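Trainee: From first to last, the protein sequence lines stand for chains A and B. Here the numbering used here is used: the first residue of the first sequence is 1, the next is one more, and so on. Here the numbering used here is used: the first residue of the second sequence is 1, the next is one more, and so on.
It should be emphasised that the hints constitute simulated quantities derived from the structure, not laboratory data. The structure presented is a predicted model; accordingly, all values stated were derived computationally and were not measured. Take these hints with a grain of salt, some might be off.
Stated by the list, open to error - Here are some of the chain A residues that sit facing chain B, going by a computed Cβ distance under 10 Å:
#1 Y35
#2 R36
#3 T39
#4 K41
#5 G44
#6 T47
#7 Y60
#8 K92
#9 A132
#10 K135
#11 E139
#12 K142
#13 A143
#14 H145
#15 R149
#16 K150
Cβ atoms here follow ideal geometry from the backbone N, Cα and C, with glycine treated the same way.
The primary structure of each chain is shown beneath.
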Amino acid sequence: MKAVKTRCLLSIIPVITILVPLVLHAAEPEEIIKYRQNTMKAIGGHTAAAGAIVQGKVDYKNQLADHVRALQALTADIPGLFPKDSDFGDTKAKDEVWSNRAEFEKRAKSAKTNVAAFAKAVQGGNPQTIVASFKEVGESCKACHKDFRKKDD
Amino acid sequence: MSGRAAVLLWLVIAASPVLADDVRQHGEYLFRAAGCATCHTDEKNHGVPLAGGRALKTSFGTFYTPNITPDPDTGIGRWSEADFIRALREGISPAGEHYYPAFPYTSYTRLTDTDQHAIWVYLSSRKPVQQANKPHELPWYLRSRASLGIWKKMFLSTGAFQSQPDRSAAWNRGAYLVNAVAHCCECHTPRNFLGGFKESRQFAGNSEGVEGTAVSNITPDKKTGIGKWSETDLVEYLETGATPDGDYAGDIMAEVIDNSLAQLTKEDRRAIAAYVMSLPPLENTIHKRTNKKPKPKKEEYE
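Generate coordinates for the entire structure from the input sequences, incorporating the hints supplied.
Mentor: As structure tokens, then:
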């Protein structure tokens, strides 16, 4: 039984590895743009929700860890949301996202690092550290939007 | 508070700092709030602070900001205080020429005498930097500064801010910061084809702002402006750039927040918010334009 299962799995792997890149290649730029905007909106939603808890506007402390986990997952690979060829259409991304890629990736990394620090602070439970690290997360969102996003193109 | 008390308080606030060091500090505060360094520093190319050279792309051409350090040859080191005040109040250079309104003297003319003096004191205390100015890149019909005289007759009314006695001190402080110092209207008010403000559309946003950016409608209109924001939301945005729905300010607004608004006192941010929320709501959808760049050929990317 076990052997059969393994063989089946093995035979699927090449199919997956071929299919996945095919699917990604076939994705329309418009769809990628919509997908990344929806992901950014989700990041925004979790940030606003976490902010409301952190700033004591609402009392959903039990949910804070959920928002933090979501933020960690969604900010893990922001550059991946901006592949080549997704720079035209209904997007606010500036050309610099592609022409100044190293800097863009640096900003993405700094956001990721700041979210990780925020997660650690939430685990630690010290309110002051939580507030301060949340502010840093916001700073990294603004820092990237400042140089890489315009209001509308 | 009675109207008269508000005016008195306002006068006290406007005229209070007198000691030399206080004056310079007060000047530095205003200098930041007014975004002077933001325009007069070519940060993108790692330029020296206040030595100018930043390109400002507008629909009328590209302006390069001048050196405003006290360098006698390339900066404003030979200027008198009166020269400086005339530049801010009337948009006229020491040689008697008109400045282009890309230099927002249309707002700075509203600064009080005390505040213009303080800015001068602070600016004079900066280190001189030698860096020659770059000429603007303008179409031929705009190169003559003489025609700016006509423009000014149409669109510039000079004179310091007059507080409104029937409004609170905080509201007046907010109105002063918004209209004289932080020049929000320079970006947020649409312009006519001559580059003058559409007065009836104040703060209703601009689909074609500087550097080709669309600028948001910040009147409290529920549908197209920030009418759904609370005053606290706006105070928060002015400090951190966070909008109530979790977005963060970008582009030149992020610059305005980092360099100017986040550095104000909390009271000043509150005053700005109180004033902005009291504006008449104007419906104005800021048009989204899609990036019509033709699809790049594959080989350009490989």
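Trainee: With reference to the structure, classify each hint as holding or not holding.
Mentor: We went through each hint and held it up to the structure:
1. Y35: 17 Å, violated
2. R36: 14 Å, violated
3. T39: Because about 13 Å separates A:T39 from the closest Cβ in chain B, which is outside the 10 Å limit, the hint is violated.
4. K41: Hint on A:K41: holds, closest Cβ of chain B at ~8 Å, below 10 Å.
5. G44: It holds, given that the least Cβ distance between A:G44 and chain B is near 3 Å, below 10 Å.
6. T47: For A:T47, the interface hint holds, since the closest Cβ of chain B sits about 5 Å away, which is under 10 Å.
7. Y60: Check failed: Cβ of A:Y60 comes no nearer than 15 Å to chain B, outside 10 Å.
8. K92: Interface hint status for A:K92: holds (8 Å vs cutoff 10 Å).
9. A132: Check failed: Cβ of A:A132 comes no nearer than 12 Å to chain B, outside 10 Å.
10. K135: 7 Å, holds
11. E139: 8 Å, holds
12. K142: Holds: closest Cβ of chain B sits about 4 Å from A:K142, inside 10 Å.
13. A143: This interface hint holds because 8 Å falls under the 10 Å limit.
14. H145: 3 Å, holds
15. R149: Holds. Min distance 4 Å.
16. K150: 5 Å, holds
Going through the hint list in order, the structure does not satisfy hints 1, 2, 3, 7 and 9.
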